[in-house]
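J.: Residue numbers (the numbering used here), protein chains in the order written: chain S, 15 to 315; chain R, 5 to 251; chain A, 14 to 127; chain L, -13 to 218.
Some clues are possibly wrong.
Said to hold, decoys possible - Below, computed lysine-lysine pairings styled on DSS-like, alpha-carbon distance capped at 27 Å:
no., chain 1, residue 1, chain 2, residue 2
1, S, LYS87, R, LYS17
2, S, LYS188, A, LYS67
3, L, LYS69, L, LYS125
Unchecked claim - Derived list of chain R stretches under chain L, where covered just means 3 residues or more per stretch with a C-beta under 8 Å from a C-beta of chain L:
no., region
4, 20 to 34
5, 59 to 72
6, 120 to 130
7, 146 to 159
No lab work stands behind these hints: they were computed from the structure. Bear in mind that the values here come from a model prediction, so they are computed numbers and not experimental data. Beta carbons are placed, not taken as given, at the ideal position from N, Cα and C, and that holds for glycine.
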Amino acid sequence: MSAIVECHNLTKKYRTKTVLNNFTATIEENTITGLIGRNGAGKTTLLKILTGYLKETSGKVAVFSERPFNSLKVSANSIFVDDQMSYPPALQLYELIEAAARFYPNFNLKLAKGLFDYFSFDPKGYHKRLSKGQKSTFNAIIGIAARCPLTIFDEPTTGMDEGVRKDFYRALLKDYLEFPRTIIISSHHLNEIEDLIEDVLLLKNGRAFLHLPITELKEYAIAFKGRKDEVLRRIGDRDVLHKQYIGADTMYAVVKNDFQEEDLEQARRSGLEISSVRSSDLFVYLTKPAKGGIDDVFGGN
Amino acid sequence: MSLAEISLGAAVKRQFLFKMKANIDVYSSLMIMQLLAFAISYGDRIRYAVRDEIFLSKVYYYSVDPVIGITIFWGLVTGITVLTKGYTDTDFTFVTNRLSSTLSNILFLAAVGLAGAIMAMLSKNVILLVALFVDKADVLYGSPMTAGDFFLGTAVVFLYVSLACAIGYFIGALVKLNKIFVFLIPALLIGSLMFDAAQDQWPLLFKVYEFYFHEFSLAIFVVKVLASIILCYLASFLILNRMEIRS
Amino acid sequence: MQIAEWLETEILNGHFQSGDKVYSQYQLAEMYNINPATAAKGLNLLAEENILYKRRGLGMFVAENARERIMKKRKTQVLARLVKEVVLEARRLNISDAELIEMIKNAQQEGGEG
Amino acid sequence: MSFTLPFLLIGFLVAVWAVIFIIKKYFPAKATHWLVMIYVSILLLSVAIVMIGMEIKQPFKDGDTVRKVSEPGFQEEIYQAFKEGKDLEPFEKYVAMEKVFPLEPGVSVVKIEKTGKEGLPLTVFIKRNKENSGQIAAKVYSHAFQEVFGYQMTAAFPPPKLKWSKNQLSISAPKVQEVNLYFVNKEFPVHQFREKEKRDTGYTSWAWFVIYLQIPEHIQIEEGDNVFVEYL
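Can you build the whole structure from these sequences, using the hints too?
T.: Shown next, in the form of C-alpha cells:
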C-alpha cells in the first residue's frame, strides 16, 4: 500500500477566511474514503486542491507524489465529479461520453453505455436539458467509467432520487471490486455511504478531525441513559459529545468509548441503559459547530 | 494500479480535437457575421451615380473588404470568448493543465481563424455571382483574383485574424485576472482617443492601426504580426498559469 | 459486526460445514453491498476466534469445531447479556426471583410448542 | 476603412449577438452543422461558377496610356486645325459619319437648326465652295471619354443625327447615355502588398462633336438657336 494523497499542514485561505487550516492526512491506495463534514467545513476546497483546480495557500500537498496544481499527470489520473461539471453545450450526451473516453485511458466505454441505457438517457439529448438529478447521474456515470486512479465524488447524489442513489452506490462498489482504485467520496449524509466506504475522514473547521476505518467509528462512542447523577458519575470528566434531558431526571449522554468492559458492566448494574451510537448520529454530534445544541438556542424558555 | 503517463503533445492534441468538435458555435457566429457584412457590402455596392451632359453613369463596386474586416473583428471576439467562464469550465472538465489548455486554445484559434480567412476570401466569388446574376453585369472591370492573390490574401487575412484572436485572448486573460478590466480596457481606449484629440495629435490607436495596415513589405509585416501574436499569447499564458481553475 | 454474525448463523444453520471454503471478502462485499475491507474485517474477526482459518492463497475455511465455538460464544456472551438485562428489568419492576423463573419456564413452554 | 467603421462594427455586434441568442434558443445545436455546411458549399459552388462563367476585363493595365488619351487640350486642337486651315488628316479617326445632301434647284437659303434643347451645344464649321457642286457635304467628328477608377471606360458615343428636308438641315445632339459600370478590386490585404496597383477612385468624363459642312458660296445660311457657326 502506498499513499496516493498526502497532505501536511495544508492551509487554504480566501482573503480573510481560512477554509483549510493545517490539514494533515494521508489517503492510501485503493481505498474508498468518505470525506464527511458539515456544509462549509472545507470538503469541496480540499477536493479541488487535490485535483489541482485550486492552489494551496501554504503547507504541502502531494497526489501521486506530485503537487497537483497545474499538473498534467494529476489531471490525467484523476477525475473530479460534482454537480458543477460543465460540458460544451453543442455536444450530445453520447458524444460527451465518447469525448471523456478519449481523455481517460482506462475509460470503460461498455460500462458507460450500459449505465447510460440502464438510467434511460437519450444518447442524442443535451446535458443542459437534464434535470438536477439526471445531471448528477450522468456525471456519476462518467466518474465511474473513467476508472481514474484517483476518483473524487463531491456530493455525487445531489438531486438523485432514492432508487438512483442506491443504484449509483452499488455500481460504484461493483466497479471498484472489479477495478480497484482510490476513491474519495464526500457527503454530509454519512448513513448513505457508511457501508460503501472503508475509511472516514471527518473534516471540521478545516482540519482532519478524525481519520479512521468506518468499523472503528461505529465503536468510537457509547451512550448512557438513566438518572442524571448516575450518568454524570459514570462518564466522569470525559468530553460529552452529546447530551439530552428526558423528563425530570433522565439524561442521555454520548461520550467517547474508552471504557473497560467491567465499568460498563457496573454501569448496567446501577440501572443505566448503555447503547451504541449510530455513526450518522455520531457524525452530527462530532461536527456540531459549537458547544450545546439547538436546544440551547431556546434555553431562555 | 499503474498511472497513465501523458505527454504534453498528446494532451494538447486530444484537447484540440475536443474543442474543434465542441465549439461548432464559433462557426455559426462567423457565418452570421460574414453574411451580415456581405449584406452591407451588397447594399453599398453602388458607389456613384454621376450624371453629366453626356453620361448617366452608375458605378457598381463589388468588394468583400467589409467581410474581411468583420472576420478580423470576429477573431477578436472569439479570442475573448475562449476565456469566458462557460468555455474554460468545459476546458477543465477533462484532462488538462494551463499549458496544454493554452496551447490547444492557440491551435483552436488558429484553425478557426484559418477557416474564417478562407471563407472571407471565398465570399468574393459570391458577390461576383451577385454581379453576374442580380445586376446583370455583362463585363466586370478590375483585377481578377489569381491563385497567387487568393493564397496571399488568405495568408494575410489569417495573420490579421490571428492577431485579433491573440489580442482578444490577452484581453480575456486580463479580464480573468480581474473583472475590473471589463471597464478599464474600453475606458483606456476611449481615454487615449480623447487625450490625443485634446492634445491635437494623431491618435495613438491610428498609429497602431498604421503599424500593421500601412506596412507594405510582406516580410516585415509577417515579422511584426507574428511577434505581436507571440507576445500576446505569452503574456496571457503567464497571467493564466498562476491562476486557479474553478473556485 | 454484522458480517461476522451472519457468517456464524450460516455455519450454525449448517450452510457451511467444517472444512468448507467460505465467501471471500469480495463476494461478501458484493452480496452485502459493503466495502470489501469491512467484509475482510468480519472474516478476520472470525479467524481470531478460530471459527475460520486462513489458507494462504486459497481463502478462508470453516474450522474443525466452529459450530461448537459459535454456540459457546453466543451462550457466554449473547445469552448471558440478555439474561442479565432480564434480571435487571425484573429488579426494576420488583418481580421476585421465583416469579421471574416462572415466567422463563412459561416462555420456554410456549416457544417449544410454537 | 473609414472612421465610421468601428461604430458600424459595434452596431453589428449587438445585432449579431441578438440573432445568435435567438437562434440558440430555438434551434438544437446540431442545426449549426447543417448551416455551416450549406454556407461552405455555397462558397465553393460560387468559386466553380465564377471560374467557368465569368470574365473580368482589365481594359488598361498601363495607367500612362489612359492619361495620354485623356488630354483635355485635345478638343482645342481640332478647333485650331479647322480655324487655321491645317491638315485634318490626323483627325480622320474621329469621323463618326459622312453624308451628302443634294441641293434642289432654286434653293438659295439653307437653314441650320438644332432640334431639342438637350445635349451639348452645336458647333458647326462651314467651308464655302466656289463652284456649285449642287450638294452639301457633311462630316461629323465626334469623341467621348470616360475614366472611372483609373480605367478608360468610354462607351460608344453616338453621333448627332442630321436630317435634311428641302432647304433645312436639322441636327439633333446625342441623348444622354446611360452607362452601368461594374468594378471589382483586389481585397485590401492583397492590395496592401501589391504596390503597383494604385487604387484610383476618380471619375472623369467629357465628350465633344464637331460638324463640318461644305456648302456652295451662292447659298445663303440662316443660323438657328443654339447653333454656333464658324466660317472657314
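J.: Hey, L:LYS69 versus L:LYS125, does the alpha-carbon distance stay inside 27 Å?
T.: OK: L:LYS69 and L:LYS125 at ~16 Å, within 27 Å.
J.: Has the region 59 to 72 of chain R got at least three residues whose CB is nearer than 8 Å to a CB belonging to chain L?
T.: holds (count 12)
J.: Report holds or violated for chain L covering the region 20 to 34 of chain R, Cβ cut-off 8 Å, minimum 3 residues.
T.: holds (count 5)
J.: Sort out whether A:LYS67 lies within 27 Å of S:LYS188, counting only the CA atoms.
T.: holds, 25 Å
J.: Between the region 120 to 130 of chain R and chain L, see if three or more residues pass the 8 Å beta-carbon test, and mark the coverage as holds or violated.
T.: Check passed, 7 qualifying residues.
J.: Does R:LYS17 sit within 27 Å of S:LYS87, going by the straight-line distance between their CA atoms?
T.: Given pair S:LYS87, R:LYS17 holds - Cα atoms ~16 Å apart, limit 27 Å.
J.: Do at least three Cβ atoms from the region 146 to 159 of chain R come closer than 8 Å to Cβ atoms of chain L?
T.: holds (count 7)
The structure is consistent with each of the numbered hints, conforming to all of them.
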